[in-house]
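Could you build all of it, start to finish, from the sequences and the hints given here?
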Amino acid sequence: MSDDNVTPIGRQRRRRKRQTDAVTAKARAITEAATGRPVDERGPSQASQLAALARERYELFMSEDGRPYGVVKGGANVALPLRGKAGLRSHLARMFTDAKGGAVPSASALADALTVLEGVAAATEPRQPHVRVAPHGDGVVVDLADAEGRCVIVGPSGWRVCERSPVLFRRSGAMKPLPRPIRDGDGLAALSGLLNMSEASFRLLVGWLVAAFLPDLPHPILAMRGEQGSGKSKAAQLVIGLVDPSGAPKRTAPRDLKAWATQAFNSWALCLDNVSTISDWLSDALCRAVTGDGVVDRALYSDDDVVVLEFRRVIALTTIDAGALAGDLAERLVTLELHTIPDHKRREETELDAAYKDAHPAILAGCFDLLAEVLAVLPDVELTSRPRMADFARVLAAVDKVTGWTTLDTYRAAARDSVSDVLDGDLFARALIEMVQERGEWLGTASELLAAVPTPERPPKSWPKDATRASGQVKRLAPALRTIGIEVDDSRRGPAPKRPRLLELTSSDSRRAAASIASMTDRNHGLTSGNGMDAVPMSQRPSSVHLQRAASIPGPQMDAVQPQMDAVLAGSVHPAQASDQHEYPGMDAGDAMDAVTRLPSDVATRVDDIRDREGLEL
129 MSDDNVTPIG RQRRRRKRQT DAVTAKARAI TEAATGRPVD ERGPSQASQL
179 AALARERYEL FMSEDGRPYG VVKGGANVAL PLRGKAGLRS HLARMFTDAK
229 GGAVPSASAL ADALTVLEGV AAATEPRQPH VRVAPHGDGV VVDLADAEGR
279 CVIVGPSGWR VCERSPVLFR RSGAMKPLPR PIRDGDGLAA LSGLLNMSEA
329 SFRLLVGWLV AAFLPDLPHP ILAMRGEQGS GKSKAAQLVI GLVDPSGAPK
379 RTAPRDLKAW ATQAFNSWAL CLDNVSTISD WLSDALCRAV TGDGVVDRAL
429 YSDDDVVVLE FRRVIALTTI DAGALAGDLA ERLVTLELHT IPDHKRREET
479 ELDAAYKDAH PAILAGCFDL LAEVLAVLPD VELTSRPRMA DFARVLAAVD
529 KVTGWTTLDT YRAAARDSVS DVLDGDLFAR ALIEMVQERG EWLGTASELL
579 AAVPTPERPP KSWPKDATRA SGQVKRLAPA LRTIGIEVDD SRRGPAPKRP
629 RLLELTSSDS RRAAASIASM TDRNHGLTSG NGMDAVPMSQ RPSSVHLQRA
679 ASIPGPQMDA VQPQMDAVLA GSVHPAQASD QHEYPGMDAG DAMDAVTRLP
729 SDVATRVDDI RDREGLEL
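Sequential numbering from 129 applies to the sequence shown in this note's numbering.
Hints listed in this document are in silico derivations from the structure and should not be mistaken for laboratory results.
As the structure is a computational prediction, the values presented were derived from the model and not from experiment.
Wrong hints could be hidden among the right ones.
Claimed, not checked - Below, a list of computed lysine-lysine pairs in the DSSO-like style, where the Cα atoms sit at most 27 Å apart:
no.	residue 1	residue 2
1	Lys593	Lys603
2	Lys386	Lys213
3	Lys485	Lys473
4	Lys304	Lys485
5	Lys589	Lys386
6	Lys603	Lys589
7	Lys473	Lys213
8	Lys304	Lys228
9	Lys228	Lys213
10	Lys304	Lys201
11	Lys213	Lys201
12	Lys626	Lys529
13	Lys378	Lys473
14	Lys593	Lys626
15	Lys626	Lys603
This is the structure in structure tokens:
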């Protein structure tokens, strides 16, 4: 009977039967080739047919971290995990149903087929799928994450939209597509109109956005700080949406390391909203995520196998008080201050979302234009000094070279302010600073340090409860303390037999100031070893700490000790007498101040110069 005499339903049934027969024959051939013996008359099993379908339509491989994936042959260059809701398993079940006229494969058949496919994937050369951005030659590729598999290729000569990515990407359920970039006016100016921040902060934000599309460098955490009503949460949402849009753009702090690793593994850019405090484990995890991290976890449905989640991510957070952050995390921040929006300038969220949606393609185009220019000059950019996050600083220097801005200077200043805020928000750190500033230096065990630092009546949770925690906290604070001139050294040991580890805290600024003042005094008074200040041991000379304390001492108190300090400076006091009269650290603040007030006018002028250069308050 010809097809002309068959009803449409009949023709559809014949077409499905031909498809089924073809699949069955293909599966039979693959099975017979693999086993070396013919298949019985009942035909291949569902599992065999599923495996045949997958091998016919997908390229199977393992990632470098041991995860099996499949890529559609001739389709979008997007890797599908074998398992999962949006993985190859569900695609394979749908294909089987379509090919078998509505027949549904059993769960056991799917499981058996996937086991076979994992074995096939393991026998191939490993490949590494990327998330949202990937390096490509001297440029980068940005996955638009649309159904067509399009991407944007950005290089030193410009950017273009490509219908099929030359780089393998993977996607997750948390990702949303980016719009196709379109040059339509000044996209960066449109972005500025949507955000509540100063011009300097906005330019630094643009530098951060450019760096966010560069996958092979550590990205500092973007911290938006402001009061309630400053629009920081909305601003962070818009900024993250420019890089890696998501159905959950603002997220709460994760409850544990596993939850954090899962979030970070499945997104290129994340935003933690309204962060008030950060636990030690999360602070460490964020620091590692900035530079590159890997988390080992037990494989699903396995007792002895593990999987490794490797990632380096772009992170933003919003907070009211950045002082709650740990010192090592503060050094990895780009902090932008947002001020409260006046009522007459406040916009409805629906209006803001609509404006952002309309401007999104132009903003992307503006970012890619600037990124291309940065890529062109970046190889020739050299830094005279390398701060923490030096790779990011180099990108900012390239942005400044292209635009004429000063984002690198803004970043350096913001980094210093972030560290200062952290120290101000830590009571233990403040107590350490006050102690070192008063003494100039301190040396002892962690137990002795804990005893020396005055404990508040109601110590906060962050206050160390024992010597071990005190030692660890000092080491955590060391980078922040170093930025304000306090050096921390734990390499020394105490006397035998116990040889306990010693902590040495030294105020480097006070050392430099005291040395500079002593040197000028020597030169202007002609003092040499054996008389005057050279004859007085360093421990008995006035330090910059005493000079600072003396600033508030009234004149009569200073006059009371004037003759004694004058005698020291004039070299008329015997060293032993000087020691009795000026024993350190019990020397009165007035003593120190009088040593300065009695300097000749030319020396006093040079002392002022040193004060300004060193940033000291004498």
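Open item on the list: For each hint given before, does the structure comply? Return the numbers of the non-compliant ones in rising order.
Closed with: 7, 8, 12
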